[in-house]
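Residue numbers (our numbering), protein chains in the order written: chain Z, 1 to 285; chain V, 1001 to 1233; chain P, 2001 to 2293.
If you're looking for bench data, these hints aren't it; they were derived computationally from the structure.
C-beta: ideal position from N, C-alpha, C; glycine also.
Among the hints, erroneous ones may be present.
[To be verified] Examples of chain Z residues toward chain P, derived with CB under 8 Å:
#	residue
1	GLU10
2	MET112
3	PRO113
4	LEU264
[Stated by the list, open to error] A few chain V residues that don't get close to chain P, going by computed Cβ distances all over 10 Å:
#	residue
5	PHE1072
6	GLU1131
7	GLN1135
[As the list claims (entries may be wrong)] Distance ranges between label pairs, derived from CB positions:
#	chain 1	residue 1	chain 2	residue 2	range
8	Z	LEU73	P	PHE2273	45 to 53 Å
9	P	GLN2255	Z	VAL226	14 to 22 Å
10	P	ALA2138	Z	SER137	36 to 44 Å
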Amino acid sequence: MIRGCERAVERLFFGAAFISALITISIFGFMFVFGLPLFSGGRFPEIMTRPWAPHLGVFGIYPMIAGTFAVSLLAMVFAFPLSMGCAVLISVTGQGRLSRLLRRTVEIMTGMPTVIYGFVGIFLLIPLVRGIFGSGSGMCVLSAALVLAVLVSPTMILLFCDSFERVPPSYGHAALAAGATKIQRFLHVTLPCAGQGIIIAFTLSLGRAIGDTLIALMLAGNGVQVPASLFDSVRTLTAHIALVFAADHDSLEFRAIFVCGMSLYLLTAILSLLARRAGSKRRQQ
Amino acid sequence: MEPPVKIRINSLSFCYNGRKVLRHTSVSFSTNSITAIVGPSGTGKSTFLMTLNRLWEELPNCSLQGTVEIRFNGVFSNIYEREFAVEKLRRQVGMVFQTPNPLPMSIFKNVAFPLELAGEKEKDFIRARVEEALQKVRLWDEVKDRLSESALSLSGGQQQRMCIARAMILQPEILLLDEPTSSLDHTGAEAIEQLLLQLKQNCTILVVSHYLDQVKRIADRVVELRDGQLCSR
Amino acid sequence: MMRFLEKVLPLFSWLCGAVLVAAISSVTGYLLFKGLRGVNLGLLFGTTDPVAALMLRQQVFDGLFPAMVGTLSLVLMSVGWAIPIGIAAGIYLAEYARGRTKMIFNLLFDILAGLPSVIIGLFGFSLTLFLNRHVSEALRPCLLISSIALAFLVLPYIIRTTQLAFESLPVQSRMTARALGASRLQNIVHVLLPQAFPGISSGVILAIGRCAEDTIVIMLTGVVASAGVPRSLLSPYEALPFYIYYISSQYGDQQELARGYSAAILLLIICLFLFSLAFLIKKGARYRTLYRP
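Kindly generate the complete structure, drawing on both the sequences and the hints.
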């Protein structure tokens, strides 16, 4: 009786895990099946490399891929040093109260709604960029990347701090006993030991930056072109999906967003796997 | 006259994380006696205890071969046989760990917990048994007015005695103790030694210990674990 | 090189801290400066009588009340889907799954957790198309579909926090009850679940916050700019974050824009409140849930 109950509950738990896993797989399945008309007949390379010109029957997503990388990589260029600096301030150079206060602020920032960053970005940052650099509408790669950097930094800071804290304190004590200052201990002991943790933080944040839709949609201008400068308007893969999904459901134009979806799926899945590998390497150390 | 055998171990091999803790070792333990298990640290004395209540099955990367037979109601049965229910086994083989491990509940609930797990619902019966067990470990007078307080508020020695009471409440025929006094001070250790001498009247006790003088004071027999073998000393 | 870094690092870290604090205070400061005046009862109900609106006797046309109702029902429904499945899956992963099975599940949930919300939204949308074609013509993007898609979005949060809460319990407290003869399920129900409860509930609250702020998933699965209070599960609805997004690009006059600022403040308050709650529970409630008389 009790045995049977135990087994039934275990099956129930397994069922829940199985359904969740099935969702992950079927999302990919849906992307693939809906995008199928574009894959057939060897048109796949064409889609990935051609420009987007629906009126000419050309549905390449190359400009969107370029836009995604331009925005997210530039955001990481801003966010990485910023986060590293803040993490150092919290766990090394800051003193008691102040570093606790900063940490609390950063924790709260992770709970900020994305749409608020976008909203303030439109009315505060865009006019600033337009005024200072005096080019076009102000909706460009730079604006989106700046806001995106502020958006991904809090999580990255906390992950950095976490990876510093995981370094066994005995290492640090050894360094201090040898006469190192706090900063020397950090640079010579903590930082080299936290290597895998830093990789994890970077990949996860890059995935977040690539996957973000709202900031790019609101601030990057959504112009379909391969960006040549920081002030060009671009459209990311994510924004492209949000802009085109209402198109005629049988058109190839509509089908093309599933190719965007699949590229994003694969891209973020690879980043998750990389972070996972770094995590298991860290456990072995 | 030699007391009858309670536990009979036959050609037992045990592997933990790729390390052979036991290699084809055979040994018996007699009823209602105290056996001390000694040996260099890290040889796997604690894991050996876990082969007697199958608790190692909760650890990762373990494997076991051989038989462990325990005599219940005059009949020997192999505890690794398929139909032997593991929960039933653990109710008859009590275990006390190196550091006291009170569950985050009240003192009363802690001691009564095994009874409740076994399906006992009678309130008065549970109360009487809890009192009896706490009397046996001489903790009753110290805690009878604060039974509903958290067990975490007890001192280390009190916690360990409470854990023994909890292990004793189902009146097991065998009690396994893994260095039960190593986290206690002198008086706490002495109280537990006295307790073990008293408990052995109707219980087979196996105790892992590091302290040779303690072993001399309480053990009827000393067994050493070395190179995967258990030999009498 | 190291000498130079040792000299520069303190200054650099202070600079970064200052930049971050400046960024976040300018965002919140700007919002408060522009929108605080508009945060009052009129923001929610416009010119309609609040009591009549709450009783659903009158429609609110010039207030945020329908958006608030939409967001609230959305959050309740999606968390309602996600909690049972998420917690059960988390327990399975922490307590039952071993070896290869565990590895594969872990892998898939990592991928699910990393998927952009727009993919989840697109999945919800294509699911609607599929159901519309093969099951019933009546199925269009609606509250029900949105809540299911959002549940997919927050499922990994709940799975992961549950799993983590269970796995980080000390080995000893896991062994204790087992040594006393508790079965696996008894051990989970009597010993592990009470101890893991703070971790799980903070995960649930974070999931609620994520549902409340999401804009993209609902944009692809049924939210609209004006629909009034949702009439049924199968009808379109309004939501607070989408209202803010919509205003930012489509505002007609200064009055509407001002309402957008106030709506942003409202959303900010809701999310920060939920976030602090999750934080408090994980830090403070431990002794309350751990100790059972």
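Okay, the hints, checked on the actual structure:
1. GLU10: Hint on GLU10(Z): holds, closest Cβ of chain P at ~6 Å, below 8 Å.
2. MET112: 7 Å, holds
3. PRO113: Nearest chain P Cβ about 4 Å off; hint holds.
4. LEU264: Where the cut-off is 8 Å and the nearest Cβ of chain P is about 6 Å from LEU264(Z), the hint holds.
5. PHE1072: 15 Å, holds
6. GLU1131: GLU1131(V) is indeed farther than 10 Å from all Cβ atoms of chain P, at 18 Å.
7. GLN1135: 20 Å, holds
8. LEU73(Z) to PHE2273(P): 45 to 53 Å: 35 Å, violated
9. GLN2255(P) to VAL226(Z): 14 to 22 Å: Given a distance of about 40 Å, which is not inside 14 to 22 Å, the answer is violated.
10. ALA2138(P) to SER137(Z): 36 to 44 Å: Taking Cβ atoms as reference, ALA2138(P) and SER137(Z) lie about 42 Å apart, which means the hint holds.
Hints 8 and 9 from the earlier list are contradicted by this structure; the remaining hints agree with it.
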